[in-house]
Amino acid sequence: MERRKHSCALCLTVTLAGVVALPSGLSEGPVAAQSKPEREARPERADDSGLQVLPVRDSERYGRVHMIAGAGANITVQTTGRGIVLVDAGTADMAEEVLATLHGIASDKVVWAIVNTSGDADKTGGVATIAQAGNNILRGVNDPGAQVIAHENVLSRMSQEDAPVLSWPTDTFFVTMWTLPSFYYGDGIQINHFPRALTNGDSMVWFRRADVIATGDIFRTDTYPVIDLAHGGNVKGVIDGLNWVIETAIASQRAEGGTLIVPGHGRLSDRADVVYYRDMVTIVRDRMKDMISRGMTLEQIRSAGPTLDYDGRYGETTGPWTTDMFVESVYGSLIE
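Numbering (our numbering), first residue to last: 1 to 336.
Please note that a few of the clues may not be correct.
Quick list of simulated restraints, FRET-style, between CB atoms [said to hold, decoys possible]: (1) D290 x S182: 45 to 53 Å; (2) Q160 x Q190: 25 to 33 Å; (3) A106 x T318: 37 to 45 Å; (4) Q253 x Q132: 20 to 28 Å; (5) S156 x T317: 31 to 39 Å; (6) K109 x G50: 38 to 46 Å; (7) P144 x I283: 45 to 53 Å; (8) Q52 x S303: 37 to 45 Å; (9) S156 x P320: 42 to 50 Å; (10) D324 x N243: 23 to 31 Å; (11) D222 x A255: 35 to 43 Å.
In short, the hints are calculated from the structure, not lab data. Ideal Cβ positions, reconstructed from N, Cα and C, are used throughout, including at glycine.
Take the sequences, apply the hints, and build the full model.
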């Protein structure tokens, strides 16, 4: 009987993470999507605006969660019998398109709450338009304007930067963890604040029953972490946030599937993707820490290329966030 030859491209990728590029079959779309039969029949689709809509969970057991991509940042959409909860709202210029997309997802429901993971414009820009089209879940369905939730540092930053008042949070919290009860929101929602991650206001949102975590930009699949030292960011806080996701997420089989992760930017992911990203940030941090201990300057560290083996996947030489800027932010984190 003919024996079938075993292909171990995935094994090789995991073993040599950071050296071998992902096989082409794994570079597009989430690995988790391939392991979930209930989602295989529901592929990613684009609406007329060009926004991408990806069903994340769609069952009576796990609830109904979608990811909208293309609005400036990923938006997580939780739909229940009571209404819609969003994590982040995209940019201001895409708000009307997002509203139209939400109508396509659940035409009989309105947005009751928006949770912002940071004060960045790609997360809060669409809040004014989208929130005004909704109703406040706590005050009753006849009270226009959805509830907008964020850490108090987000409100402080937005008010100092003269962001439009209608995009400000209406409800803030100041503790490390804030919970929204399933009685009102259709799922137990846990918001975890990481005081010194990319900024001092970053949060991640965990839909407990659906088993979906929206990470904001602490985890993303398209570039290095955008650490804003001027607003309280620090590489240690980023690693702490990534470790929390890894500790919270539960894989389905062989480190794949299970808890699904909606990153701030990039493709839908699972625990294994976050492990790879955490390892990358930690390795770069440790390399630079060693270089600093040997008396190397920032320019010498840049020349040494501490990110070289990851630049093909995350690096940029132009644009709003370059590899040099990431190296400088890690350096600033380590010498403060």
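key: Hint check against the structure, violated hint numbers in rising order   = 4, 6, 9, 11
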